[in-house]
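**Q** Starting from the structure of chain P, add chains F and U where the hints point.
Protein chains in written order, with our numbering: chain P, 1 to 372; chain F, 1001 to 1309; chain U, 2001 to 2295.
The hints are simulated quantities; they were obtained by calculation from the structure and are not laboratory data. There's no promise every hint is true.
Unchecked claim - To be clear about the criterion: a stretch of chain U counts as covered by chain F if any three or more of its residues have a C-beta under 8 Å from a C-beta of chain F, and this derived list gives those stretches:
(1) 2012-2023
(2) 2050-2064
(3) 2108-2120
(4) 2160-2174
(5) 2179-2187
(6) 2229-2236
Ideal Cβ placement from N, Cα and C applies to all residues, glycine included.
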Amino acid sequence: MATVDIRAVRKTYPGLPFEVIKGIDCAIADGELLVMLGPSGCGKSTLLRMVAGLERISQGEIAIAGRVVNDLEPKDRNIAMVFQNYALYPHMSVYANMSYGLRIQRLPKAEIDRRVRDAAAILELEPFLQRKPRALSGGQRQRVAMGRAIVREPDVFLFDEPLSNLDAKLRTQMRVEIKRLQQRLATTSLYVTHDQVEAMTLADRLMVMRDGVAEQIGTPMEVYTHPATVFVGGFIGAPAMNFLQGEVAEGGAVRLPGGVALPAGTAAPGQAGRPVTVGIRPEHLAPAGEGVPGLPVTLTVDLAEALGADTLVHGRLAGTDTSLIARLAGHVQARSGEAMALTVTDGAWHLFDVESGRRLADTVGRLAKPAA
Amino acid sequence: MVEKSRLSVWIAHSVLILGILAIALPIYVAFVASTHDVRTVAQAPMPLVPGPHLWENYARALGQGSDSVGNVPVAAMLANSFIMAMVIATAKIVISLLSAFAIVYFRFPFRMGFFWMIFITLMLPVEVRIVPTYEVVANALAPVQSLLNATGLTWLIERLAGLRVSLEWNMLDTYAGLTVPLVASATATFLFRQVFLTMPDEMTEAARIDGAGPVRFLFDILLPLSRTNIAALFVILFIYGWNQYLWPLLVSSNLLTVQIGIGRMLAVGDGQVDWPIVMASTMLAMIPPVIVVVAMQRAFIKGLVETEK
Amino acid sequence: MHKRVLFRARWLPYVLVAPQIVITLLFFIWPAIRAVEQSFLRQDPFGLRTSFVWLENYARLFADAAYYHSLGVTAVFSLSVTLLSMALALLFAVMADRAVRGATIYRTLYVAPYAIAPIVAGVLWLFLFQPTVGILAYALNQSGIAWNFRLDGGQAMLLVVIAAAWKQIAYNFLFFLAGLQAIPKSLIEAAAIDGAGPARRFWTIIFPLLTPTTFFLMVVNIVYAFFDTFAVIDAVTSGGPGAPGATNILVYKVYNDGFVGLDLGGSSAQSVVLMVIVIALTVVQFRYIEKKVHY
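Excised from the complex, chain P in its bound form (with noise of 0.2 Å):
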């Protein structure tokens, strides 16, 4: 059982002007799941490695149960990896493979079996432990790559993009295993991807990341509901957060183009004429008169995308070049150029700082009542 604490890390790297890492804290509870979440290049998997010892940590420390592990070889710091190509040795069966490092350690013959066979248990991997790596599927491979995590019953557990290469449908199949096996196993883990879905639906807490900075780190509905910059608004949700240019007006409300207003909320978001970001989810949309509270505006539609469960309508607010996209039911009809009264559900929009993409806190107003 262990925590794992991020202090101030920072990492560079020789001939590198910028650094990759530009200083992360965090500190992940005992049993907690930890997803960090980025687009690539962004240094989730570069903090990743830096907790497994991979590589160097340029500036702060990391602690593994309350152990400074900087200067401790991977070996050391009690830690098992999942790759994201499982990195399955292709000479060795499944049960050498899964068992390689605990006799590494010399365990004893029948304590590592018994390990093995446990693990095996739990994954289902029983009647392969003979065969070789090019003899499984995709999925058996990766399930091969946890048993080998597994047995040695580390502090942490490390995942690297680890269902990255499996098709769709797998994907899904062992993202649900994995959330099961770690919630058995309540082991700490730290979980990288660049897949949203992956990431809301496992996570205990996600760190959003970009350009080496922590943009936010909360839970999944927290980072969806409060998104704390304008970067995490449009990397978390599907179609993308709409952005409009908005303006401060006279007692605190918020002018968007094309004459709509959102209301003024507890906290004045600055002087008027102070510009600002005005976020709407796609989803947050939705058809006039359908009873939903919530602010109107008009959309002239330029492309409608029928999904099935759901109708993609892309347009343009009315009179302005301002883009929206619209998530609404799969019965909405909406054809080019027709203008489309929508509603913007009431008190789902998000203000941004325009220079630095920061959440305007409590800045966002409720509608009085229930509008026309």
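**A** Chains F and U alone, transformed into the frame defined by chain P:
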């Protein structure tokens, strides 16, 4: 597939069979000559069908050899050739494997210097450094002596201790002299370097997390995974070692390999060449490498193609 | 290319490269430096005194008609060996590629001679053309061609070219066959649909696509003819016949002058010239490989 006319396929087979006959002709004639007695072979034209002296000739070659080489039995020469080929192939593989491992999996001062030093050996075949290499083999410590002399250490030691430092290690006519100078190989090092570079990084990381240190990783993971490359290289290097001629000619006058033995048997003037024995020896010298190539054809072709990459 | 994952150790990598480096220094680098050094020195006939003579050995070398003769012999020899063995190998490879049936058997038979030592190749052909006992020599003499390569320089050259090329066919065959099999069948089919007959297909599609292989083999064959044919020459002609030596290729001359004639300075100067040639050939070869990587 473009349809091939029967005629073109027929022509192809004919050309190929003719080619094989032409390539096989000298070998066949040599075989026939190795089955007759000296007199039959010496009178032109010699017969073109095998004669009755096969066992006799081969037994004589293997057991007694030819008087022109002081009756060294060909069996002994074959043994020498075999030892030479095995030592060269094995040592080249071991040495190249280790240095490639160091160069790929470690970062250390002078690493690139070592790399280029190994690379340069590609440009220095024995043929361009015949005499000085001979000198080194005659006294492998001569370079050290020169360094001592040049740095004044010899003088210093003579002054201080009253001893004249004179180092000598003669490798002429030894297995060491035959093999050691040939076991440094840029080609094999580059091949292993290539093989190691294509090994996935994540596997190494997995091994490190499993607690494997470099030596353990080399033996448990890298070696088993390079098996086919090692086999391929072994075939090529065995043949390379077996077929050496110039080098043993230089450094070995009593320790004869079969190639040198055959050369000596010929160097007696046309009239006295004991052709049946020469041809029996030639056939015997051909058999081991041809067996290796044919039996390990897969590995051999892989090796040949890879070492040239 | 670089490894992302490295092991950390202070002295282990040095231990690992040590055997290779010691042998390289002792038997490659040191002798090469000595060869350069000796090429500036001259020993008196008794080997008692050595003097520094600057470039005199080189001057002597490049004023020596015999050296130019040897250069010419080497050029003729290596070009002939390269052309002959490559042309035959290409012919056989094209045929083997066409004859689908028995391709593996043909490959085995054609590749086997690779295993034969150059000295053995020399002895086999020497025996066929030996003026008194060789059956082909006998056949030639019977049909009115006066064959005696011990006297006729041209015949001697022909013989060593045949012996050296014969051995090299295996190697060239293998690479040509691999090159042919790597050509996508769809290209050939497209050409056939465009109405190109077999001969035209070969010269306009297949041969151009084989250019990288051909070029690579050319370099390899030239290196082979330069350096690996020493044993063939030694067994068959010993560089003769004649005074300048009708088959006295550069490598044989270095050996002969240095080891038999004991002219260390002159032989070393020749070694250095050879070294320059090898370096040039290696550079050409690597340039080519680099290009191949960028394809």
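**Q** All the hints need checking, so say for each whether the structure fits it.
**A** The hints, checked one at a time:
1. 2012-2023: holds (count 9)
2. 2050-2064: This one is violated; 0 residues, fewer than the three required, reach chain F with a Cβ under 8 Å.
3. 2108-2120: Holds: 13 residues of the stretch 2108-2120 of chain U have a Cβ under 8 Å from chain F.
4. 2160-2174: Held - the stretch 2160-2174 of chain U has 4 residues with a Cβ nearer than 8 Å to chain F, which meets the minimum of three.
5. 2179-2187: That given contact is violated, which follows from only 1 residues of the stretch 2179-2187 of chain U lying within Cβ reach (below 8 Å) of chain F.
6. 2229-2236: holds (count 4)
In summary, the structure is inconsistent with hints 2 and 5 from the numbered list given earlier, while agreeing with the others.
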